[in-house]
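Got chain V; can you put chains B and H on it based on the hints?
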Amino acid sequence: MMTLAIAIPLIAAFLAAIRKSWGYILYAIAAILNFILSLSLIGAVPSIHALGGWKPPFGINLVLDNASFYAILFINAIFLIVAVFPDIIGKYATVMLVLMAAVNGFVLTGDLFNSFVFMEIISAAAVIIASKRENYYSAFKYLIFAGIAGSLYLIAVIFVYTQTGSLNMAQAAYFSFSQKSLVAITTLFLIGLGVEAKLFPLNGWVMGVYGGNDLAPVILSTAVTFSAMYMMGRLMITIFGGGVLQVLYVLALITMLAGELAALYQKNLLKTLAYSSIGQAGLVLAVLSKGKEPFTSLAYFQLMNEVTAKLVLFLVAGYLVYKYTNLNGIFKSHKVLGTAFSIASFSLVGFPLFAGFQSKLRIIMEAFKGGDYLLPALLLLATLIELTYLIRWNVRLWFEDQVEEGEKGSWRHGFVAIALAIFLVVIFFFPNIYLAPASKMADAITSVSGYINIVTSGLGGM
Amino acid sequence: MVYWISIILMGIGIYGLLTQKNLFKQLISLAIIDTAVNVFIIAAGYVEGGKAPIYTKALPSFLKGAFVDPLPQALVLTAIVIGVGVLALGAALLVRVKEKHKNLDVENMKGVGE
Amino acid sequence: MAITLISILALSVAVYFISKLSWKVGAVINALAGAYLMIYLFTLKVGSSEVLGTLFGEKLLLTYTNASFYFSFVSMLVILAVMVFAIKWLDSQKYPSAFNMFLLMMTAASLGVFFAGDLLTLYIFWEIAVLSSMLIVPMGKKEARRAAIIYAVMSATGTYMYLYASFMIYSRYGNFNLAEVAKDLANDPSMPFKVTVYLLLAAAGIAKSGIFPLHTWLRIAHGNAPDAFSAVLSGQLVKLGSYVLMLVTAFFPTLKMFQGLELYSKIPSPNYFLLALGATSIIVGTLMAIKQDDMKMLIAFSSVANGGYILVGIATMDAIGFEGGILHVFNHALAAAIIFMAFASVVYRTHTTKISEMGGLIHKMPITFISYLFAIISLAGIPPMSGFISKWMIYQALVRKGMFVTAFIAFFGSIGSFLYVFRPLAGVFLGQLPKKYKDVKEVPAIMWIPMVTLVAISFIMGVWPFPILKPIEAMRADFAISPSVKIADASNWLVRGVTGSWNPVIVFNLFIIGFAIAYLLYTLFPKPKKVDLLAPHKEEGAPINIYTGGEYIYTPDLYQYNTKMYAGFERMYEKHPSWEKVLDMLCKFFHDLGQLVHGWFFRPSPSAYAFWTVMTLLIVFWVRW
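Chains as they are written, first to last, in the numbering used here: chain V, 1 to 462; chain B, 1 to 114; chain H, 1 to 625.
Calculated directly from the structure, the hints in this document are not laboratory data.
Just so we're clear, the structure is a prediction, and the values are computed from it rather than from any experiment.
All residues carry an ideal CB built from backbone N, CA and C; glycine is no exception.
Be a bit skeptical, because a hint or two may be false.
Here are the simulated distance ranges between beta carbons [said to hold, decoys possible]: (1) V/Q179 / B/V95: 40 to 50 Å; (2) H/F589 / V/A377: 11 to 21 Å; (3) B/G49 / V/W22: 47 to 57 Å; (4) B/A92 / V/G90: 10 to 20 Å; (5) V/N326 / H/M585: 29 to 39 Å; (6) V/D401 / H/N503: 53 to 63 Å; (7) B/I54 / V/A7: 23 to 33 Å; (8) H/F589 / V/Y373: 21 to 31 Å; (9) V/D401 / H/K575: 53 to 63 Å; (10) H/K436 / V/D87: 36 to 46 Å; (11) B/F24 / H/L199: 31 to 41 Å; (12) H/Y40 / V/F415: 37 to 47 Å; (13) B/G49 / V/E134: 53 to 63 Å; (14) B/I54 / V/W22: 58 to 68 Å.
Think about it this way: if two alpha-carbon atoms lie no more than 20 Å apart in a straight line, the pair counts; the simulated DMTMM-like pairs of lysine to aspartate or glutamate are [stated by the list, open to error]: (15) V/K332 / V/E400; (16) V/K369 / H/E180; (17) H/K354 / H/E180; (18) V/K369 / H/D293; (19) H/K141 / V/D401; (20) H/K364 / H/E442; (21) V/K332 / H/D91; (22) V/K267 / H/D592; (23) H/K141 / V/E400; (24) H/K142 / V/E134; (25) H/K291 / H/E580; (26) H/K94 / V/E400; (27) H/K194 / V/D372; (28) H/K142 / V/E400; (29) B/K100 / V/E134; (30) V/K132 / B/E99; (31) H/K354 / H/E143; (32) H/K194 / H/E262; (33) H/K364 / H/D439; (34) B/K98 / V/E134; (35) H/K581 / H/D592.
Extracted from the complex, chain V is given alone in its bound form:
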């Protein structure tokens, strides 16, 4: 069953490559099928699928445990939401389908080399998506960065292979590495994944790519970021527990502050949001790097909130930036979009009544309980900076004197944006909608023996 999650979009991509005009339809069908499929997989958790019947540790196997299940559910939901916008997808349906297949594969795979392959496909697809609207130079920079990261990732994979004699993740998790080789491996993985996870200083590409067109931020800052964060948790916590988590913690804190500071300086709306997503990624990584519950679940909770809010922000921003040249007071003509934008940005800051409050305050609380006084202080400082530029943009977009005549807005954008914004408010009142999946994910991520057991014993079905 779970192979279909990769196969459906891949087949659709081939078809779409042959018949260009079918692209959007195929994408929409694949997105719907994939979402239904990932929903139906709930009965199959936990299980693995050994490709070609090669039982682990030989061959490639796909692992469906709580963590990967909720990750693909969330990711496919995002792909489904993006499917509402044929005008954003445009001619990129084929690439989007490839990306969908690769992201699903990246999350599901239980094989290290396989994950490298999927990561390379993700970055290749992401580069093509990034080049929309003639954003070639930024896309090229991204390509170079992703290329270096991919090489390092591959070297790390080979290191693991030479040590354990297998590429299987569960095998690697079971194997006890010497401290030095563990550090070497995790460092290489950290940098390999750090590019996608927007870890400082490996995140130079983010501004150009997210700030360059309307498609890239919508899908890259949400689905791809989510998969990268999932993999970060899986590799750094489940498989190579320990390792360089402290280094990750420090780098993540720097990421958080650097991203927010750069966003404060930025004058372009999309680029501001791009930097903001770096800052948020820093927060998620910092919490994730604690490497134990309840931090892991809070990290994914925060990630889900952030991704939902960012989806709204980038949808609205991408729509407006390419419709108008001067955005002053533009929300006066787009009240629904404006309301959604404001709610999403307030959620990002963490005002009460919005989802971000739940996750940010929990993080602060748990950090204090764990005796960490640094993270809350820096988190609040970063939030202060974040609040400054988000309020600045809100005030500018709502209250400045309108320069350009507003046109009639797109109902798709309005509907999706406001629905997601209302969802953010709902999450404040019922945080378990996100928190329960997040903590199940975290349980699966932090339980090493659980993961090994699933792979070794659960050799169930197709």
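Relative to the frame of chain V, chains B and H by itself:
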């Protein structure tokens, strides 16, 4: 020994990335790094005195150490394919960059701005 | 309580959509909701407690105390007046629907702050109040856009410090409950912890009530917000800060907490630190108010000074000082609300806030003038208005404690306030009426009635302050601030101090007699003659030849005596160091830091990316190997 080739190639690649102003040269540097990694993988799977992992009648026996590890070679095949894909993508992008910015030299590109 | 607050919050969203159909109906609903809340306050029983919900496994508690009642009552008085005022005033505004929604939302949230029984509930409502008020501010003048951002940032600076301290407390005591925390703090042996928590919690109050060094947002936000909303900002919202300051200094047993840290006259040094900040605010607020030409900014700075008085009063931790400070909350709330509403009325008619562009409106807007006059009498602390009593009580405390420097500053601020309140009085209402305001009329009744009502309340409380002193006495009893003498002695018509007692009724009668004599003299002597700006000329349109100071005068507006009214005095501190500039520098610093990060890590070519990748790799290996 082969490891050293890989490390030297890697060094050349990184040197190229760090020093070259021309985007195409940077792309080539990336390709060199890719090659370095591939060499590294092959070297990792090498067994002293081992033969190519192909079943033939001429092979005396399946004694331990007779074959070099076949898996890294399979991996390298995949990695090469991916590398080619990335290289082609990069080259395609550079064509567009050249069209848009008139130049591939980082310092002479037009309209890059911020 | 919980249901009421939540339904009012929900109603506020409904009000938006109702206001979309007709903002007048929305404004009326607002006013009705305000009136309902006002009545509701009196039906609640002091000491009752309710659970709002649970968050993070902790109960969110609402507790109704004497302090809640007092602060809510003062807030509702101001808000209700503004809500009624807004029914007519809103027709001069661009965003009436959003104004209605956020005003009601802010009202509910402020009440939530006062009702909060634990630190977390307080924070939640606090943020809602800040957010909704912050969204009203940019509806004002052009500069208000920037004001909203500065307001949000300053407020958040304080709030996040508060939040940090709350979680410090929680991780130490496992409790957010205010009453429990107060007990725990009293018994905590760790002095550094207590001092840190105390100062961090107070930061929220400092930022909100415009105490130095976080006072700069008041000028720009109060000065540029929609005119009637400035009344709420200055009259009510600032009092949220005073409430928090009261919580941390008086509700938390600071005298017991900081035993051994007494600095001077039995005041612990952390309290003394706040007191010094309050005193600084009095100086800064007063001096800066004197030199403002914009009447709203002038009163905004006076709010800084008055926030200082409140803080000084509370931080003395003396029975009479505490009561004085708390009473000053009421007095300043009313006075500031009336003044800003009077200004809103003036702006409603004249469309300017520059003092030097106005004059002589006394003849055109007499009711507004009278309201303003009474309000400034109260603000400057002149009997028989209620403002005097609170200032008198604060002086009493300072003198009793022997804090002569602070007392001197307080006197100085009081004298300064005569200067600055006189400036709009002279510039706006007295003097010559510019020609362009010939047709200005008094504002409609629905606008002056709330002003006059507040004036009446303030006046009556000046003559007979005992009803308002009663809840304050109850608060003091709650907080067990010694000595437990009866300060408000209603049966003898006395407010008892240390060096003597104040009998407001007798003073009032004396004033009435004085007023009667003055009026008698006024009627007996010949009436003054009204002349034109360019007297002496015979009739309208006749050629004018006024020769003075070596030249003929054709443009009398330039000779408005209010331009640079206190030039002589201002010159004494013309080159004063500007705290706003210091904060601007701080902003610039963060901005530049952002530019640095941007330039170094995000903008460059692929080479730099490769460089950073390799650097990271090497650094990580170096650190971990």
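(request) Given the hint of 53 to 63 Å, check if V/D401 and H/N503 actually sit that far apart at their C-beta atoms. (result) 57 Å, holds
(request) Confirm or reject the claim that B/I54 and V/A7 have a C-beta distance inside 23 to 33 Å. (result) With Cβ atoms ~31 Å apart, the hint holds.
(message) Range first: 21 to 31 Å. Now tell me if the beta carbons of H/F589 and V/Y373 are that far apart.
(response) The hinted range 21 to 31 Å holds for H/F589 and V/Y373, with Cβ atoms some 24 Å apart.
(message) Tell me if the straight-line CA distance from H/K194 to V/D372 falls inside 20 Å.
(response) Status holds; Cα separation ~19 Å.
(request) Determine whether the Cβ-Cβ distance between B/G49 and V/W22 falls within the hinted range of 47 to 57 Å. (result) 55 Å, holds
(message) Checking one constraint from the list: CA of B/K100 to CA of V/E134, max 20 Å. Satisfied?
(response) 8 Å, holds
(message) Check whether the Cα positions of H/K291 and H/E580 lie no farther apart than 20 Å.
(response) With Cα atoms ~15 Å apart, H/K291 and H/E580 stay inside 20 Å; holds.
(request) Quickly compare the C-alpha distance for H/K354 and H/E180 to 20 Å and report which way the hint goes. (result) 50 Å, violated
(message) Next pair to validate is V/K332 with H/D91; report whether the Cα-Cα distance is within 20 Å.
(response) Distance of about 19 Å is within 20 Å: holds.
(request) With a cut-off of 20 Å on the C-alpha distance, tell me whether V/K369 and H/D293 pass. (result) 52 Å, violated
(request) With a cut-off of 20 Å on the C-alpha distance, tell me whether H/K142 and V/E134 pass. (result) 37 Å, violated
(message) Run the distance test for H/K354 versus H/E143: straight-line Cα separation, threshold 20 Å.
(response) Given that 20 Å is the threshold and the Cα spacing comes to 15 Å, the pair holds.
The structure does not agree with the numbered hints 9, 10, 11, 14, 17, 18 and 24 stated previously, though it agrees with the rest.
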